[in-house]
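Chains as they are written, first to last, in the working numbering: chain S, 48 to 468; chain X, 217 to 380.
No wet-lab data here; the hints were simulated from the structure. Since the model is a prediction, treat every value here as computed from it, not as a measurement. Think of the CB as a built atom: it goes at the ideal place given N, C-alpha and C, for glycine as much as any other residue. Don't take each hint at face value.
Unchecked claim - Calculated Cβ distances over 10 Å to all of chain S for the following chain X residues:
1) 227
2) 270
3) 278
4) 281
5) 298
6) 326
7) 333
8) 340
Stated by the list, open to error - Ranges of calculated distance between the beta carbons of each label pair, as one might list FRET restraints:
9) S/73 - X/372: 19 to 27 Å
10) X/311 - S/148: 34 to 42 Å
11) S/389 - X/311: 32 to 40 Å
12) S/52 - X/280: 51 to 59 Å
13) S/317 - X/245: 52 to 60 Å
14) X/241 - S/196: 35 to 43 Å
15) S/196 - X/237: 37 to 45 Å
16) X/241 - S/60: 50 to 58 Å
17) S/389 - X/222: 36 to 44 Å
18) S/170 - X/280: 33 to 41 Å
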Amino acid sequence: MPHAIGPAVKIDTARGTFNVARRNFVDPGILQAEHDRIFDHCWLYLGHESELREPGAFLTRAVGGRNLLFTRDNQGKLNAMLNACPHRGAQVCRERSGVAKTFQCFYHGWVFGTNGALRGLPGADAYQPDFQQRPETQMTHVPRLECFRGFVFVNFDRDAVSLEDYLGNAKEYLELVADHSEAGMAIVGGTQEYAIRANWKLLAENSFDGYHAATNHATYLDYLKSTTGGLVPIALSGTGRALGNGHGVVEYKAPWGRPIAQWIPAWGEEGKARVDAIYQKLVERHGEARAERIAHSNRNLVIFPNLVVNDIMAVTVRTFYPKAPDLMAVNGWALAPQGEHADDRQARLYNFLEFLGPGGFATPDDIEALEQCQAGFSNMREAPWNDISRGMGRQTPAYDDEAQTRSFWTEWNRRLFGDQA
Amino acid sequence: MSHKTPLTRSDIEDFLFAEAELLNTWRLPEWLALFTGDGVYYVPSTDVAPMASPENNLFYIADDHFRLSERVKRLMKRTAHVEFPRSKTMRLVSNVRILAQSEDSLSASAAFITYRTKDAVTDTYFGTHYYQFARDDAGLKIREKRSMLASDGLRAQCRISIII
Ligand code: FES
Ligand SMILES: [Fe+2]
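This is chain S alone, in the form it adopts within the complex (with noise of 0.2 Å):
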């Protein structure tokens, strides 16, 4: 249990305030709690289906403070492995990425099956007969995967609730996205690989922030009045929700052009032509009000602890870990229609880059402001409170208060404190 110096949050209903304290944003021991008490409990993102294509695809990512192999067998199954040689340790796999037969530990040689079991060693006859049947000769698989629409996920805690109770109603929002296109979804080429000098729960804060964008933002929604023909004239208005388990969403109109399906006078009549054609399929598949959902909304949702889908000019899935209190890394994907007309799959990433990544014309704004927070967390002797009770008091929270953030901090504090919170 974490020393409690104090309340981690502070809620006032008859005030209307719900503050969170600056301390659990710097301090090593809620970091070390957050490791036992969410990162190994809770399900975590591994990847999309669409990564590993063929049998013996694979790919290695960090996922909750660990080394993962993620493999799809020869069996065609989903794998996900501790990247870490059962014989002594060595990390098995060393590339990023690719296909293979098997793997060979390059320390003392054993070889692996795609899905992790002993295949070989040499100079068996060194050791018992059953020496390589044996389970703990075999790569380590993580306790549970799991996938819901092409989304994979992990679990550390052998004794964790189903994904689908874990995601309750977080899975319409997945699904919204999933439904995109009848091909279904897939990752596009390239990873953003970034970091942020701040605590990892600013960035799920800021994901789903929908108060921040007329001023962090100012400059991206200048740039967005002089594109071609402006923009379409919707107001950005919407509403937030708290889903439960600690995920939220805010689901609001924008002005922005959305490949699926959301045309702005840039793309001229030839991409209205096609805008228009997507829009009809969705009709056809999911009906007006659905079809007009998917197309018109936007999405940021936030699945607790540090799952990003933001389906929005377009779609983003990003995760972020702590690798100390002040510091994290953060991965960013785009997800995209598979078999994509290349003019919409262009449009999709330069909208992706005008807002998204370390490199936009907005995400750097952000990163700057969590890290601005960070610096003013050094204050909290004397300055010790966040305020997130914007519209606490009414009845549908719109996209710009800060009710799914209070869901993200309830949860929070619950796993981390328990009922004595």
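Dock chain X with the ligands against chain S, hints included.
This is chain X with the ligands only, laid out in the frame that chain S set:
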């Protein structure tokens, strides 16, 4: 049309050193004028093939000329928060090589190290710039600048808020 003398490495070095000076001193509109009217600027992500296309791969930066001029506009504003107050930058350009040239075009590569200091933290960007130049009687203009990072992503640098 007159035959032009082939350009030498020191001609290209002069151009690149002058470019670095414009960037180091935040004279970005003048830097933008080094490009052709359709000149582009790319910084690929570091896990794609060397000459990957930004049309079907996710880059860090893939600016067509319009977006590049908007990037310059943005960076000159106080509301480009990540560069307010402005960072101090220093660009070293070396290992310059002419890869090919004709009467009206030239391609070259150069190794770079770019330092960016803000709030007493210094980040280092390094790799290779690939240039495609257009050449006419007035001289050289950049048609494409592709900056290939030699780091593993931007794990150490966090962001790419300047022109490297
Ligand atoms: S550590 Fe892998 S074979 Fe020895
Ligand atoms: Fe933002």
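Now the hints, each set against the structure:
1. 227: 30 Å, holds
2. 270: Violated, because the least Cβ-Cβ distance between residue 270 of chain X and chain S comes to about 7 Å, which does not exceed 10 Å.
3. 278: Label violated. Min Cβ-Cβ 6 Å, cutoff 10 Å.
4. 281: 13 Å, holds
5. 298: Given that some Cβ of chain S is not farther than 10 Å from that of residue 298 of chain X, nearest at about 4 Å, it is violated.
6. 326: 20 Å, holds
7. 333: It holds; residue 333 of chain X is separated from chain S by about 14 Å at its closest Cβ, greater than 10 Å.
8. 340: Answer for residue 340 of chain X: holds, closest chain S Cβ roughly 14 Å.
9. S/73 - X/372: 19 to 27 Å: 22 Å, holds
10. X/311 - S/148: 34 to 42 Å: At roughly 39 Å between Cβ atoms, residue 148 of chain S and residue 311 of chain X fall inside 34 to 42 Å, so the hint holds.
11. S/389 - X/311: 32 to 40 Å: At roughly 36 Å between Cβ atoms, residue 311 of chain X and residue 389 of chain S fall inside 32 to 40 Å, so the hint holds.
12. S/52 - X/280: 51 to 59 Å: The hinted range 51 to 59 Å holds for residue 52 of chain S and residue 280 of chain X, with Cβ atoms some 53 Å apart.
13. S/317 - X/245: 52 to 60 Å: At roughly 33 Å between Cβ atoms, residue 245 of chain X and residue 317 of chain S fall outside 52 to 60 Å, so the hint is violated.
14. X/241 - S/196: 35 to 43 Å: 51 Å, violated
15. S/196 - X/237: 37 to 45 Å: 52 Å, violated
16. X/241 - S/60: 50 to 58 Å: For residue 60 of chain S against residue 241 of chain X, whose Cβ atoms are near 55 Å apart, the range 50 to 58 Å holds.
17. S/389 - X/222: 36 to 44 Å: 38 Å, holds
18. S/170 - X/280: 33 to 41 Å: 60 Å, violated
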